[in-house]
Amino acid sequence: VSWKEPYRRLRALLFRSRAERELDDETRLHLEMETRKLESRGLGPAEAHRQALIAFGGTESVKEDCRDRRGTRWLEDVGRDLAFGLRLFRKDRGYAAAVIAALTIGIGGNTALFTLFAAVALKPLPVPRPAELVSLWRVTPEQPRSIFSLADYVYYRDHTSVFANLAAESAASLRVSDSSTDASGSASDAEPVAALYVTSNYLRTFGVDTITGRDFLPEDERMTAGPYPVLLSENYWERRFGRDVSVLGRTLTFSSMSATVIGITPRDFMGTRPDVPDIWITMSARFDSQQRTLDRTLLCCALTGRLKAGATLRQAQMGMSRLATSLQREYPIAERRWDVLTASAAPFGANHGNIVKMFAVLQIAMGLVLLIACTNVAGLLLGKTAARQREIAIRLSLGATRHRLVQQLVTEAVLISIVVGFASFLLTWQALVVAGHRFSQAWAAQGATVPIDLTPDLQVFFYALLVSVVAGVSFALAPALQSSRPDLVSALKDERAGAGLLRKSRLQAALVTAQIAVSLALLIGAGLLTSSSARLLAVDPGFQTRTVLNLTFSSPPRLGDSGDLAFQLQTRLEERLRANPMVTSVSSASRAPLGGNVSSTHIAAAPTDPSAASGQPFPYSYVSPDYFQTLGMRFLRGRTFTSAEVDHGVAVAVVSDALAHRLWPNGDALGQRISLGSPTEVHDGGRRAPLSASTEVVGVVSDIYSTDLTAPDSGAVYLPQPSGDRSRLLLVRVAGDANSVAAGLVRDIRAAEPGLTVSAESLYDTMASSGLAVVFRVSAWVFAAVGLVGLALAFVGVYALVAYSVSQQTREVGIRMALGAERRDVVRLLIGEKAKSIGAGVLLGAGLGVLLSSVLSSRVFLQGARLLDPGVIVAVSLLTGGCALLAAYFPVRRAATLEPSRTLRFD
Amino acid sequence: MHGWSISERIQQISSEVLRVNQGSLYPALHRLEHQDLIVAESGISELGRRARFYRLTAKGRRQLTIEADSWSRLTGAIGRVLKKA
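Just so you know, the protein sequences line up as chains B and P, in that order. What the first sequence shows, in this note's numbering, is residues 1 to 907, in sequence order. What the second sequence shows, in this note's numbering, is residues 1001 to 1085, in sequence order.
If you're looking for bench data, these hints aren't it; they were derived computationally from the structure. There could be a bad hint or two in this list.
[Unchecked claim] The list that follows gives simulated cross-link-like pairs (lysine to aspartate or glutamate, EDC-like), each with its CA atoms no further than 16 angstroms apart:
1) B/Lys-63 / B/Asp-24
2) B/Lys-37 / B/Asp-24
3) B/Lys-91 / B/Glu-391
4) P/Lys-1059 / P/Asp-1036
5) B/Lys-384 / B/Asp-647
6) B/Lys-37 / P/Glu-1008
7) B/Lys-37 / P/Glu-1067
8) B/Lys-37 / P/Glu-1046
9) P/Lys-1083 / P/Glu-1046
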């Protein structure tokens, strides 16, 4: 075969008509010459022509032979098969649409989800040599993944032999003000910033450099007073300063700490954080020098290390475990035993595991949909190929080769696959556009910048195409191979009997059962998640949720946000609210229960050793005296704070029942004293941390769920909110439903205090937007959507399968009716047969659903979920079974309404 | 030379011993053309009709020599075997 071959083939294909014409000319000329020759020997013209034709042989078969030599044969065949396939689809639109829709949903959904998954969790960190980066966790018997103290970090950093660089980070929410524009230097602007305290080698560890300005220097870590060096992320630099280069060198104030901008980090660089921090401050601003070297109990820092070239994760693990052991030997004062766990650094750091789990749950659901789609298509194709058995038999008896026949069936399948590939790519793309839009909205609402790239790339497109082609070809091949070897005589005579039919009807029953089982399992999963998310919100958290408003506000600088002005503003607001007849009680607090922002500190029964932090951490909040009354919490012992105690800053506290029992298991908490906080803690997210060696317990209140919806607080302490403290959060108890009053109250305040930003929602809404509730709601929603799609697919699939099997039984139906069977009897008989496989599917599906729910409620996925609910399982099973019976009923009824004489003459 | 005259020529030269099966002639020509051993050019035949005229290519000539050699070797060998018998 020469190099001209492809060119010649192409020419032969493109100029097929010319080649054909030449072939015709050649044949005609030959015959004419032959005829002349014979005529010259004395034959009559007609006889001469006849003899010439005989000598030549069949002209068409000679031409056909010549065509074969051209080598474009298979291409022409493919073209013809494609045209035939398209004609078939046009003829049988319902079938083509069903197959294409089922596969598109299955493949498109899976591709979209996988793209999302890959974008969020599977892509390596966008830094040089990401495989060298390792995340470290401190492992104790109670906490499998906790963070480190700074002192421990220093020890590891100074002694490690496997890491080229070991960096520490600690997140905080600060408030920024620009001291160059605000001469007083006070916090005049309430804008929050997401800050990350980092060690000076942080950027170097990740292999990232500033785009302008300088990186941190090692000596920055030894600073003891401001202004501290700070880096801005490019995202924040652009958003807040409009890429103004003059911001470099300017001194800003972050929650009363002054800091000088020294550089800008590249856009979207976020280390292993879940979102892009606004600013990066040197770690020395976080603690005083004593704490840096001494306090090993204050856990603050997440560690990331870059392995030395050639070092493995295994070596890192062994090295760090050894260091942990020697550290414990050197400093035996530290609590209990711990180890260090190393793992490859992944995007979203500590959340990576949860994100992977969440996607795993969704991927299970999507995988099940694909499974339904596949059974669906297998059923449809099976019915279709069986129905075409006669066509295939005719082709075979006319001399088509088996190879040629399989080629045609595969071409049809590939045709479907290509359409499906394109359609599912479009679906993927659209789904991702919508998802990306939703995500960026949700994140913007939370004030977070999360860069994820959701444009489906070519890789994903080819993934979809490959999946669909492989699925299509394998579905087509099995029936094609089977049906290209039929018994020609009986197929032509349309005798559908014998072992083959029995096997096929069993396969159909199995497909019906499988589809129902899988879609029922999905729906059970959806039902259980929905009902448990409802149950989660129906829990009594121990405080009023429907009648209490969570009102937050922030103000521009001029309105007075600092010192006395802020206090006056808050007082004015409280008075205005109290004057409203709908309002029954107003209180302020540092946080709303279940509203996030949980702050914890070490609490112990006093007297304790004042030199070190001791005891366990418990959440605390600063509240005004009427907080308990506003929320409807009960006092078990004692009383709330008096205004005298608040004004004079007396060290008093109210503790929760659980904390009282924990600290004084056998005694009365009232009148006892507790110690709070660590003496060395100086900054805590910009908020004042409590510190007291001896605070008197004046009251014990009922337990509430303030941090987590799954369990009441294990202990909580309430401290009097100092007068003048600006938390910008008011809790307002109203008469009636809080949400219906909210709009009026907000309008009222805006009218009285123009320029003030106010928002209000009921505590119920706060609760419903808490993390776990959202996770439950989202996964319930996804499962329900996916389950309904699955049910719809199963409905179509059952309908098609039953319709096909009934169509094969029309003769039987005709005979029965001719012999006097009532229509009702026939329907009952046919439905009864289908009901068996449907029933099997329901039983199997219920079992699968129970299995699925136990997987979902296991500790791995949704902790705290109690999913098993027999009521839901029974209800969903009945629904699915009913739908399937309905799907089976239509074709059965149609078969039964046919005239007996017609069904007997069928075909 | 076009197809018909090729078959005529073969019959003539072989004194009517070799009769080309006319049905196999054209597929064979197409195959040879495909192997670049002959080329076809369109032209007008003696009857004034369009026709395909075939001629050997350089490659075809070389191949012919090879085939002719191997044929004469084979027939020579057969002849020698028959003489001995």
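Verification of the hints:
The hinted pair formed by B/Lys-63 and B/Asp-24 meets the criterion: a straight-line CA distance of about 8 angstroms does not exceed 16 angstroms. With a CA separation close to 20 angstroms, the supplied pair B/Lys-37 and B/Asp-24 exceeds the 16 angstroms bound. This hinted pair checks out: B/Lys-91 and B/Glu-391 have alpha carbons roughly 15 angstroms apart, not beyond 16 angstroms. Using a Cα cut-off of 16 angstroms, the hinted pair P/Lys-1059 and P/Asp-1036 holds, with the two alpha carbons roughly 7 angstroms apart.
For the given pair, B/Lys-384 sits about 85 angstroms from B/Asp-647 by alpha-carbon distance, which is inconsistent with the 16 angstroms threshold. With a CA separation close to 10 angstroms, the supplied pair B/Lys-37 and P/Glu-1008 stays within the 16 angstroms bound. Annotation: proposed proximity of B/Lys-37 to P/Glu-1067 is violated, straight-line Cα distance about 32 angstroms (limit 16 angstroms). For a cut-off of 16 angstroms, the pair hint linking B/Lys-37 to P/Glu-1046 stands: about 14 angstroms separates their Cα positions.
Pair hint P/Lys-1083 plus P/Glu-1046 does not hold up; C-alpha atoms about 47 angstroms apart against a cutoff of 16 angstroms.
Consistency note: the structure conflicts with the earlier hints numbered 2, 5, 7, 9.
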